[in-house]
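Chains as they are written, first to last, in this note's numbering: chain A, 1 to 1044; chain B, 1045 to 1501; chain C, 1502 to 1673.
Read the hints as simulated data drawn from the structure, not as lab findings.
Where hints are given, some of them may not hold.
Claimed, not checked - Computed cross-link-like contacts, DSSO-like style, restricted to lysine-lysine with a CA-CA straight-line distance of at most 27 Å:
hint, chain 1, residue 1, chain 2, residue 2
1, A, Lys1012, A, Lys772
2, A, Lys753, A, Lys772
3, A, Lys974, A, Lys1012
4, A, Lys772, C, Lys1585
5, A, Lys499, A, Lys518
6, A, Lys772, C, Lys1593
7, A, Lys164, A, Lys127
8, B, Lys1150, C, Lys1557
9, A, Lys1004, A, Lys772
10, A, Lys326, A, Lys363
11, A, Lys318, A, Lys576
12, C, Lys1593, A, Lys1004
So the chains spell out like this:
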Amino acid sequence: MADGLDRRGFFKLVGLGSAAAAAAGCGKTTEAILPYVIPPAHLVPGVATYFATVCRECPAGCGVLARNRDGHVVKLEGNPDHPVSRGALCARGQAALLGTYDPDRVATPRLREGQGWKPIGVADAEKLLAEKLAAARQAGAGRIGLISQLETGTLGRLMDDWLKALGARPRVAFEPFAYEALRAANRVTFGIDAIPYHAFEDARAVLSLGADYLETWLSPVGYAGGFRRMHALGGGIGGSVIHVEPRYSMTAANADEWLVNAPGTEALVALAVLRILLEERLGPTLPAKETEALLAVARTVEVEAAARQSGVPVARLKHVAETLAKGAPSLVVAGGVAVTGPGATEAAVAANLLNHALGNVGKTVRFGPNSALGRASRYAELAALIRAMANGEIAVLLIKDANPVFTLPPASGFAQALAKVPFVASLSSHLDETAARAHLLLPDLTPLESWGDYSPREGVWGLMQPAMGPVPPLSARREDAVDLLLNRPGESFPGVQTKPTGDVLLDIGRALVPGADKGPFRARTFADHLREAWQGIAKATASGVPFELFWEEALRRGGAWREVPAARVTLQPGIKPAGQVPGLAGPDGPALMVVPSSRYYDGRSANKPWLHETPDPMVQVVYDSWVEIAAETARRVGIATGDVVRVRSPHGQVELPAYVSETLHPGAVAVPLGLGHTEYGRFARSVGQSALPLLPAEPDPASGGLRWLAVRVTLERTGRREPLATPAGTTEVDHEREIVETVAFDEGMAGEKAGGRPPAHANLPSMYPDLKYPEHRWGMSVDLDACTGCQACVVACVAENNVPIMGLAEVPRVPVLRAGPFFALAEQPNPIAYLGKWQIGYGRSIHWLRVERWWDRGHPPAGTAKPGGAPRARFMPMLCQHCEIAPCEPVCPVFAAYHTSEGLNGQIYNRCVGTRYCGNNCPYIVRRFNWYRYQWPAPLTLALNPDVTVRDRGVMEKCTMCVQRIIAGKDRAKDEGRRPRDGEIMTACQQTCPTQAIVFGDLKDGQSRVSKLSASSRGYHVLGELGTRPAITYLKKATKETHG
Amino acid sequence: MSLGEEHLPPGPRPSAPGPTFADVNRDVIRTLGTAGNLYFAWMSVVALLLALGILAWTEQIYYGIGMGGHRAPQQWATYIVNFVFWIGIGHAGTLISAILYLFRAKWRTSIYRGAEAMTVFAVLTAGLFPVIHIGRMWLPYWLIPYPSERFLWPAFRSPLLWDVFAISTYLTISVVFFIVGLIPDIAAVRDGTTGWRRRVYAVLAVGWQGTDRQWRHYRRAYGLFAALATPLVLSVHSVVSWDFAMALLPGWHSTLFAPFFVDGAIFSGFAMVLVLLLPMRYYFNLYPYITERQLDMMARLILTTSLVLTYFYTCEGFVSWYSGEPAERASYLFKWVGVYAPWWWLQIFCNSVVPLVFFWRRARIHVPTLYVVSLLVLVGMWLERFNIIVPGLGHGFYPWAFGVYLPSVTEVAILVGSFAWFFILFLAFIRVLPSVSIVEVKETIPHPVRAGHAQHG
Amino acid sequence: MAEAAPTGVLGVFAHVDTTIQAIRELRARGFKGVTAYTPLPLPEVEEALTGHGLPKSPVRLFTLVGALTGTASGFALTIWSSLKWNLVVGGKPVVSIPPFVVIAFELTILLGGLCTLLALFVLGRLPRLHGSPRYDPRFTADRFGVEVFCPPDQLRTAEEILRRAGAEEVRA
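Produce the entire structure from the sequences given, and follow the hints as far as they go.
Following this line, the structure appears as structure tokens:
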């Protein structure tokens, strides 16, 4: 009884049985209930209001609808009107909510005091900043610097004007992934410094040279939508997709053909394809001059040599050329980390030439609606600023939503240079590594709380409006009687009191710049400024419409957009043949690929626990970072998955747990980016490792961009083990069990055309009469051919249904009989991550929906026990199947599990006593149990969905098909005196799916989409032979690959 | 000379040729005398372990079932194993007192009291585990059909509810059986003691005087109890087995389970009887009553049930192979070669191989052998339930959810605590109640007659 | 008060056969109120008391009634409560008899057993606060007793019979 369990405490503990009983009923959030004296506008208690705004988790700038309940946002959804995301949202977008409710966000201004901080009033902070700026201005021009993230909207322009007015250095809009190789290539080939829009949806064949367009590349959600249209069988198109990458990324896994190439040989592959294309005259006929020019470039590579170096056989290269030629219009994209290293620009140029040779430019490659990323600052500009900082030329540096200390390789010396700046002010709303080194924190509001706009590409202006007020102060919470018994102090949150950065800029501008009252800073608030600025957009998009109407409409739709015609671009003369691709620096060893994580991007999403607890799409690991090592390399070095490996490069070394991969090219190792924070809040701090110390800071000479593929590394075993936590058990596809089903492409396509019949097993004979459904029978269809495994639905489900965070489980702090995992808890660098990893790795995840990655090695050759062939990934969204003959229901002794009259498999939390029999008896293992009480430290409580019960420890839970949404939809229909329309009620997972793989609806209505899909020829029920009659029909994935 | 006598402690030898009526009363009442230090030493050790178990349970109640090693897919684990194990133990007693009574097996008379006590206490222990197991242990009464304010009723389709009825019925009937058997003996103790003890026993004896009228109804009632208890004892473990057989899970969904479980229960029950009776026999010097014949018969029963069990193991394997169902086969193969394989083979060794020594008579009456075998059988039977539940759940239909369960400190502490709870009850019993039936032993020894020749009743 | 309250006499025996002999004598002489005390159930004693075969005991009637009540209430409870709260589970009918049989069976045994216990106490006149004053503690050990209730005028003959049969001692 070491720490603090005195006799009294012990007796309290012993007396808990009854207290716990009392507590069992209580919900989680017991806050003071105060009636509104004057109810705020558009706030009807209990009724959700949706505000259209823009997701700022990455530069893609998707449109979102923020669902506001009782004054705070509880859910983010895709904005169907928005041209970029078309109603979908990715996992990071769903988790953006947690940024606003981060318990560790910088809520009020702070001033550095020694090692720590002291609070400072908003006015004082602003005054201090103004003084410092004035002083710096006196000292001379160019002594003020500002680093921001990519801000293409009004705030960006305001910053620029402001900096100009103050005689400061031009703003650096820093994006770690600025795709400078693409811009360089476009300059070379088309003489235009921009990143075009890639119309995947219009292509019939796609060749991707390492571009992970389904994960992070440019605009993953939008491109995923396009990909689904051109590739999925459901659309009746079924175009072919070829992916060239050393690593089996999620994008590679979704391609029909994946060509493993040696790292940095994309250019050779592309040029070889180009050469075949031209020499065999497969493509459309071009002007002789152009053909000559292209051939001149293409002939610099020998097809055989290219095949030898890249490891892609000649036959394959030919096949690629033919596929592209057949599938006109086609699309060739180059990108990803593979195309940041040596030969990056060459690869991008080659891709451009291919597009030109195939006549895609202007069709699927559209200059005009250019991506905003084309306007990110060059790395060179940042490097220059760093030099200036290091030389002490910078007196005041402002930083807004950029974290170079973390996202730049340490070799860049940014941190040291930053230390030389006498006054650093951070305007970011989170205490990231860079902000932690600042002298003044004057935090901006989070995007959900602020006015603003963002233009993700030409012709699209996303408008941001405050979807809620600043997060209010929350007093210490007492969860329930048990808390009172142990006198545990609850968590409290001070409440956000700060000034939007826009307002700060305007005020200071007015203060420092004489006559600014009439100039650019005349607006009192940034909101007014924004309104003014939008007058111009109004003219551009809706000339003739009164501005008021336009503004209202823009607020409603989440922005304004217009079609931007594709600009005519011409092939530049004298394109230099790709020279010999320079090799990688470093000792002889595998090339290091530092890949952006589809969960954390460059690390800015690492403070969102929902993302930590969502498995990586391919590796299926939670929380951790790892080094992916090819099986044969691992065998040589003698390491297994989970062994800690010392990865050493000329620039530094990092120790990471190994993930041994059967698919990775032996010439490469891969490390995901985004973890290894030393600051950035309790959820991000000291989780995983960053691989950046291994990278050089010198830019790629050709393009001037940062290189994520730049060095070779050596691997040594350390002898330590850090097992990676995964919720997955056995992921080998067993073709004797009807779980992950595939169909040959042609057969599948024929079925699509012919129409289908209900899946076999759908109605196995039953001893009992069929159930009657008076009104509806809710059902779902999941198209495995469309699912890309991106995990967006998982996070959406977590957000909608108050699924707890495993890392926040309440486990023994009183050391009475500590069970195994809790011994070390206190000593952990990050207890939350440790606990989350352990619980999820131990099969205690409470996710109602999981997207499983399976390895399919093809049907076993007759006679052999073990299937052969290279593993192909299959993605399987698994959730409660809402069986008609549900095995879980009759075993419940208290009717907690029962069948509703609308075909749902109901679960009554209050009635559940926790025998867990249903969990055993569910063949799909989708029932989840509350092993502990899980906590929501303030203000995370505000993220809870008031429509969904928060479950206490000891009860079983599972997917409800978002019954709260069903009820809401039925009520709406009832109010309007009609039946619910098909597609009106959407589950959270369906709503967010970028590829619309999930369709929910009423199976009783024969005309509903779900009924039609459920009768598809590709339809089947998982483990259908058990006769459980699931309400969810899966549609088989159509495969083109041939197993070798 | 019999092996028993080497162990005879110094003290009065039972008067040859056999004990008389008076001896029986004397020998049995002697066991209720004031306890020695050894007894209290045992008591305190057991009490300490019990406290440990209670502490672990308290912690689990506060933090949640997560304190156990449970996970998906093994949402059931050692608590259910212990439940089935203890219920199984609880079978020998009623079997001896009911079925053997109906078969008029005379050798049962000297051991049935101890066995019945064991039954009652084992069921009391088993009854704890469902409550320990469930997620909200403060709500188990929701499984009892009572007119609640909202007229919510339990689901009688659930095997768990059948359990509730079977176990509570079994407990009640066993207790009644136990008490009824005790009444005449308590009367005997009453008449054989003095002072406050006499007064206490006088109350417990409910005024029994052994008149012909009392005996008449007593015999008839006892016979009827036996008749009722016989189907009950067979039904209880069948019902318990249906918790598994009614589930969909490969390896569980089998019609084999009911007889399989009943046989296993009797098997383990007799092992436990031996584990308890052999020390009693030694310390209370009950050699004249628990003779080689008793040991021999019980050893034979253990051997028989073990052979039957082996047959069932074989069937299990054959059925899962013959089914042709991949999940079924995989699940069974997993037991053989999977993570838990060592425990599976240890179970086979303990339950199917070890008892074979009882083919030799010397082993059947050799006390140390009997003891070791019984202990191994108990281990084997615990493992059998473990191997049904944990690997079975761990290797079901859905490979993505396969997983390995590890017991936690809490679970181990609670398991130990349950043994402590059982032994504390039993130790208390042997000091306050006659652990050998005075009346029934008399039925089996020569009745006193004036005519010289012995006459058996 | 036609006749004086019947008094009694008790004979203590050391042997089964002598006890039985005494009882036979007494019955032969027409003594009605004879009670035997034995440390164990002895059918022959009961036979001797009745004079004709083993006496019937109505205990089984209690058992039968109890058991049947159990069965009935088992089915009643399950069927009624299912209808009362008719929830569909596992696509099965609300009233599904097979599982209810288990409940009915268990209740049959339970009530049957409890009624048998009741019978034992009712018919055996238990619990008894004051037993016969002549009761001897040895009757639970190794002695047998024969108690005769009779009008005072017959006491002498009864004592005579008991003595002759071989009673160790005879108490009035």
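Against the structure, the hints come out as follows:
Simply put, A/Lys1012 and A/Lys772 have alpha-carbon atoms about 20 Å apart, close enough for the 27 Å limit, and the pair holds. Only pairs whose Cα atoms come within 27 Å are accepted, and A/Lys753 paired with A/Lys772 is rejected, the gap being roughly 32 Å. At roughly 25 Å between alpha-carbon atoms, A/Lys974 and A/Lys1012 fall within 27 Å of each other, so this suggested pair holds. Restraint check for A/Lys772 and C/Lys1585: the C-alpha separation of about 19 Å stays at or below 27 Å, so the hint holds.
A C-alpha spacing of about 22 Å is found between A/Lys499 and A/Lys518, which places the hinted pair at or below 27 Å, so the restraint holds. Straight-line distance between C-alpha atoms of A/Lys772 and C/Lys1593 comes to about 12 Å, which keeps the hinted pair within the 27 Å bound. A distance of roughly 20 Å separates the Cα atoms of A/Lys164 and A/Lys127; the hinted pair therefore holds under the 27 Å criterion. Between B/Lys1150 and C/Lys1557, the direct Cα distance comes to roughly 25 Å. Compliance with the 27 Å bound is thereby established for this hinted pair.
Annotation: proposed proximity of A/Lys1004 to A/Lys772 holds, straight-line Cα distance about 10 Å (limit 27 Å). Of the pairs offered as hints, the one joining A/Lys326 and A/Lys363 holds, with about 16 Å between alpha carbons and a cut-off of 27 Å not exceeded. Between A/Lys318 and A/Lys576, the direct Cα distance comes to roughly 24 Å. Compliance with the 27 Å bound is thereby established for this hinted pair. With a C-alpha separation of about 20 Å, the suggested pairing of C/Lys1593 with A/Lys1004 holds against the 27 Å cut-off.
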